[in-house]
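> Kindly generate the complete structure, drawing on both the sequences and the hints.
Protein chains in written order, with the numbering used here: chain E, 24 to 294; chain G, 4 to 300.
Worth double-checking, as some hints may not be accurate.
As the list claims (entries may be wrong) - Covered, in the sense of this in silico footprint (three residues per stretch, anywhere, with C-beta under 8 Å from a C-beta of chain E), are these stretches of chain G:
| no. | segment |
| --- | --- |
| 1 | 98-106 |
| 2 | 123-131 |
| 3 | 169-180 |
| 4 | 228-239 |
Calculated from the structure, these hints are not laboratory results. Remember, it's a predicted structure, so these values are computed and weren't measured experimentally. Cβ atoms here follow ideal geometry from the backbone N, Cα and C, with glycine treated the same way.
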Amino acid sequence: MSSLPGKAAFFGGVYSNSPALEAAIRDARHRGAETLFCLGDLGGFGPHPERVPSLLLKHGVTVVQGNYEDSVGHDRDDCQCGYTDPRDNRFAQIAYDYTRANTPAAFKEWYRALPPALRIEMGGRRILLCHGSPRRQNEFLWKSTSPVPFLEKLLRDHGADVILCTHTGLHWSRTLPSGGQVINVGALGRPANDGATHVWYTLLTAARTGPADGSEPLGVEFVPVVYDHERLARDMREEGLPEEFVETILTGWWTTCLEVLPARERESGRF
Amino acid sequence: MNGPTVPDGNVTAYPHAPMLALDTLWLYVAGTICNLRCTHCFISCAPDNHSHGMMTLEDVRRHLDDARALGVREYYLTGGEPFMNRELLSILEATLRQGPANVLTNGLLLETGTCRALRAIADASEYSLDVRVSLDGWSPEDHDRIRGPGTFRRAVQGIQALSAHRFLPVVTVTEAAAGVGGDEGRARFLELLRSLGLARPRVKVLPLWRIGAEAARARGYETWERLSSDSVTREGLEALQCSTARAVTSRGVYVCPILVEEPGARLGAALHEALRSFPLTQGACHTCYVTGVTCRT
Numbered sequence: 024m025s026s027l028p029g030k031a032a033f034f035g036g037v038y039s040n041s042p043a044l045e046a047a048i049r050d051a052r053h054r055g056a057e058t059l060f061c062l063g064d065l066g067g068f069g070p071h072p073e074r075v076p077s078l079l080l081k082h083g084v085t086v087v088q089g090n091y092e093d094s095v096g097h098d099r100d101d102c103q104c105g106y107t108d109p110r111d112n113r114f115a116q117i118a119y120d121y122t123r124a125n126t127p128a129a130f131k132e133w134y135r136a137l138p139p140a141l142r143i144e145m146g147g148r149r150i151l152l153c154h155g156s157p158r159r160q161n162e163f164l165w166k167s168t169s170p171v172p173f174l175e176k177l178l179r180d181h182g183a184d185v186i187l188c189t190h191t192g193l194h195w196s197r198t199l200p201s202g203g204q205v206i207n208v209g210a211l212g213r214p215a216n217d218g219a220t221h222v223w224y225t226l227l228t229a230a231r232t233g234p235a236d237g238s239e240p241l242g243v244e245f246v247p248v249v250y251d252h253e254r255l256a257r258d259m260r261e262e263g264l265p266e267e268f269v270e271t272i273l274t275g276w277w278t279t280c281l282e283v284l285p286a287r288e289r290e291s292g293r294f
Numbered sequence: 004m005n006g007p008t009v010p011d012g013n014v015t016a017y018p019h020a021p022m023l024a025l026d027t028l029w030l031y032v033a034g035t036i037c038n039l040r041c042t043h044c045f046i047s048c049a050p051d052n053h054s055h056g057m058m059t060l061e062d063v064r065r066h067l068d069d070a071r072a073l074g075v076r077e078y079y080l081t082g083g084e085p086f087m088n089r090e091l092l093s094i095l096e097a098t099l100r101q102g103p104a105n106v107l108t109n110g111l112l113l114e115t116g117t118c119r120a121l122r123a124i125a126d127a128s129e130y131s132l133d134v135r136v137s138l139d140g141w142s143p144e145d146h147d148r149i150r151g152p153g154t155f156r157r158a159v160q161g162i163q164a165l166s167a168h169r170f171l172p173v174v175t176v177t178e179a180a181a182g183v184g185g186d187e188g189r190a191r192f193l194e195l196l197r198s199l200g201l202a203r204p205r206v207k208v209l210p211l212w213r214i215g216a217e218a219a220r221a222r223g224y225e226t227w228e229r230l231s232s233d234s235v236t237r238e239g240l241e242a243l244q245c246s247t248a249r250a251v252t253s254r255g256v257y258v259c260p261i262l263v264e265e266p267g268a269r270l271g272a273a274l275h276e277a278l279r280s281f282p283l284t285q286g287a288c289h290t291c292y293v294t295g296v297t298c299r300t
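The structure is reproduced here in structure tokens:
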């Protein structure tokens, strides 16, 4: 397990949104993040799936494997996103088929070799990095359906003080009565279904004062990333991706993959 | 404790569902007591079926305490008709303090005042509240044939009342109504709900379990409708809801929400006694495995 210095940045699903990733890397460096991580789902939704892995490698971002990398890497038939609704699955398949067909073989090989989980340490806290949940790569950890007793059990079962995940596309954080923390770092790939076009990543900061024995919670900051979303929308249209996807990028409201949302998160969206 | 009822008496020939983690807890808050007598009900719920009684708030609190220690992720309140339980709103409040909840109802008792109270309870919780309303067909004729005269209109009023209080009810449909399954049936249902004023309709389709009243309405299980150890995969068994769920009623803890009338499916009085693998001896187990269904929302 490697111990990290004071500040690190964590990117959730990128979904081929390379302009947002570029902006987030720049922003995180500017804010003093010494180390950068990405928790998987590099492709899907957006255009030109070779751009995101190129950027991640170029900037030395440590990557955890998401279900997309498992699927694309192994040339599986679907993305294993875990949707249950026929319409959601139809759109997910369009994104997946495009991504799979346009990902170079060298990246597929890299995807297969990515670790499904990583353990790091900051401020004496044991942090487990995963894509969906520590127990399943495509498990959705939504805020409104991840209650405290369940999260305490996940931390106990997996020997961690902090769990970081993504997969849902919505960022949230819970500090538990035990002092443990569970943080969904959000997604760079598409907006957070709130009517705003920016996307989000997460900065963690280890406490500078006091003993570094893991007793101090990590500082959690969700950072909005404004990027050239109109350029992304143009690229998506040029690649023939569905207009429903483009609409999400331009409006900030999710138009697809909605049926998997819990009531609370669904009620706060438009569709 | 009774063993599972096994057609050929040999439990070892059947595959066992593992108990991976108790993620989902079903609470039969209304037992088998219902204001309807649906002809397809897999546990023959009815106004005079008291084989499982109402659960009290205290009963529920005891199970919630156990569930907290076990790290349960989500709760389902069902019956019977949950809104017949006079303590339902207090039970729901207590449940939502601990985790997300789903209430399964026939929609007949969803008056405006009740929906307003539900909204207040949902807004006071940091967790999600989903309400599922059953509808069995596109027309009053189809629906009422199964659920009783006048019930379509009242269920629709209930759905609309929920919608008026900012809920996005999940309309649950069984395959008892012809043509419900498949994308076309689903699309038709979504269209019906839009025509009733629901801007964002949600639909869940369930298969029929051929037990209880349904066995008399259509048919029971044939002897070949059983699972055998060589016909299942580990992934398939782990995906069964009984690998991650249990159901509690006034009479104890059962392996799943479907088999509460099956004596052999009672696993104990308390949750911690019920966390063991289960032999899949029943026709209903065959339905779950073959259709890949989950009763979860």
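> For each hint, tell me whether it holds in the structure or not.
Results for each hint:
Only residues whose C-beta sits within less than 8 Å of a C-beta in chain E count toward coverage, and the segment 98-106 of chain G has 3 of them, enough to reach three; the restraint holds. Counting residues of the segment 123-131 of chain G whose CB falls under 8 Å from any CB of chain E gives 4; the rule of at least 3 is met. For the segment 169-180 of chain G, the proposed coverage by chain E is satisfied: 3 residues have a C-beta within less than 8 Å of a C-beta in that chain, meeting the threshold of three. Only when three residues or more bring their CB closer than 8 Å to a CB of chain E does the claim for the segment 228-239 of chain G stand; here the count is 0, and the claim is violated.
The earlier numbered hint that this structure contradicts is number 4, and it is the only one.
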